[in-house]
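Colleague: Here's the letter readout for the chains.
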Amino acid sequence: MKCRSCRAPAVIDIHRHNAAFCHPCFIRHCREQVERSIKSFDMIHPGERVLVAVSGGKDSLALWDILLDAGMDADGLYVGLGIGDYSNESWKYARGFAERRGAKLIEIDLPAEYGYDIPTGSSAARRAPCSACGLSKRHLFNKAALDGGYDVLATGHNLDDEAAVLFGNVLRWDLPYLGRQFPALPSGDGFARKVKPLVRLSERETAAYCVLQGIDYIVEECPMSAGNRHLRYKEALNDIEARSPGSKAAFFFGFLERLAPLVTPAAEEEREGLHPCPGCGSPTVSEVCAFCKLAERAGGHS
Amino acid sequence: MIVSAILEHLEVNRESVLVIVDGTLVTSDASVGDGSTVEVRAVTSGGAL
Chain E
0 MKCRSCRAPA VIDIHRHNAA FCHPCFIRHC REQVERSIKS FDMIHPGERV LVAVSGGKDS
60 LALWDILLDA GMDADGLYVG LGIGDYSNES WKYARGFAER RGAKLIEIDL PAEYGYDIPT
120 GSSAARRAPC SACGLSKRHL FNKAALDGGY DVLATGHNLD DEAAVLFGNV LRWDLPYLGR
180 QFPALPSGDG FARKVKPLVR LSERETAAYC VLQGIDYIVE ECPMSAGNRH LRYKEALNDI
240 EARSPGSKAA FFFGFLERLA PLVTPAAEEE REGLHPCPGC GSPTVSEVCA FCKLAERAGG
300 HS
Chain C
0 MIVSAILEHL EVNRESVLVI VDGTLVTSDA SVGDGSTVEV RAVTSGGAL
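The listed protein sequences derive, respectively, from chains E and C.
Take 0 as the starting number for the first sequence in numbering that gives the first Met the number 0 and just add one per residue.
Take 0 as the starting number for the second sequence in numbering that gives the first Met the number 0 and just add one per residue.
Derived by calculation from the structure, the hints in this document are not laboratory data.
As the structure is a prediction and not an experimental result, all values here were calculated from the model.
Beta carbons: idealized from backbone N, C-alpha and C, even for Gly.
Any given hint could turn out to be false.
What the hints assert, rightly or not - Restraint ranges, calculated between C-beta atoms of paired labels, are given here:
1) C/A41 / E/S122: 24 to 32 Å
2) C/N12 / E/R48: 37 to 45 Å
3) C/D28 / E/S285: 53 to 61 Å
4) E/S122 / C/G32: 49 to 57 Å
5) C/E38 / E/G101: 26 to 34 Å
6) C/N12 / E/E267: 45 to 53 Å
7) E/S186 / C/N12: 37 to 45 Å
Input sequences plus hints: build the corresponding full structure.
Modeller: And the structure:
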């Protein structure tokens, strides 16, 4: 195959674009897709301080690399979740990248600083591991962004992630969740601005970006996520995508264009009931926020 | 053998992997010679969001 842009030998074919790219043109393609997302969803403005949530995986490291190459003031944030060797390994990749790029990495150790780890928290709170993990990370990311005075929190959610989450939300017709599923959420009411600049790139593209840029990332999947619902949704969507390239992008961007404006009020309605948690000050609609409840049940503290 | 044929033989969805031959990323129409080292790298991650 030849590169669509320059006709040099291609290194990757992207079926939804019906195109293949050589190494330099593919890197340019990734940067352009991120730049397009940032502009079209008004994610990051010139001169703003960005906090990038990094896991040591391909998506977050690719995002951090692209933002740094774009000249942005972007620091990283790693949360050690206490998932045994997996956490130790992923931490090394996050640190290794920060050192190689000379970038600042903020580190939070959940067991050391909050007194619980994800396996314990999950079982004590009777939550699925990914639910306890997501809840903890969302709280700590938001807190770190606000405490550090960052203008925006960027996460490495890609097109596959967003399409799979949308698929799950549609299966349950979960209107408040659908109303919040937007690539850029504004700040306010105790929330930092949150953006997902990789929404125009598939995870196959972010992995290829890392391979081609020589970015070492943790290839193994988190042992606690094996067989989870989100992976099953991705598998189903990939089956559709293989037969009908472009389906995932059409599904997600069609939702943003046509349906999101109709369901946004459901999320706004929920936001009206927010108040500061008496335990940690984070916004919540319950008496005590979900993070404080989880930490308490797990024998930790918030 | 062609990369796409290898993936079909392995019953692997092309959307969920990268193929790296002798350390180089390749497209689905690339030909793999005898003695080459082929890595079929999964790209699907499914943790907490």
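Colleague: If a hint holds in the structure, say so; if it doesn't, say that too.
Modeller: Verification of the supplied hints:
no.: 1; hint: C/A41 / E/S122: 24 to 32 Å; in the structure: 27 Å, holds
no.: 2; hint: C/N12 / E/R48: 37 to 45 Å; in the structure: 39 Å, holds
no.: 3; hint: C/D28 / E/S285: 53 to 61 Å; in the structure: 55 Å, holds
no.: 4; hint: E/S122 / C/G32: 49 to 57 Å; in the structure: 50 Å, holds
no.: 5; hint: C/E38 / E/G101: 26 to 34 Å; in the structure: 30 Å, holds
no.: 6; hint: C/N12 / E/E267: 45 to 53 Å; in the structure: 38 Å, violated
no.: 7; hint: E/S186 / C/N12: 37 to 45 Å; in the structure: 39 Å, holds
Figure legend: structure checked against the earlier numbered hints; the only hint not met is number 6.
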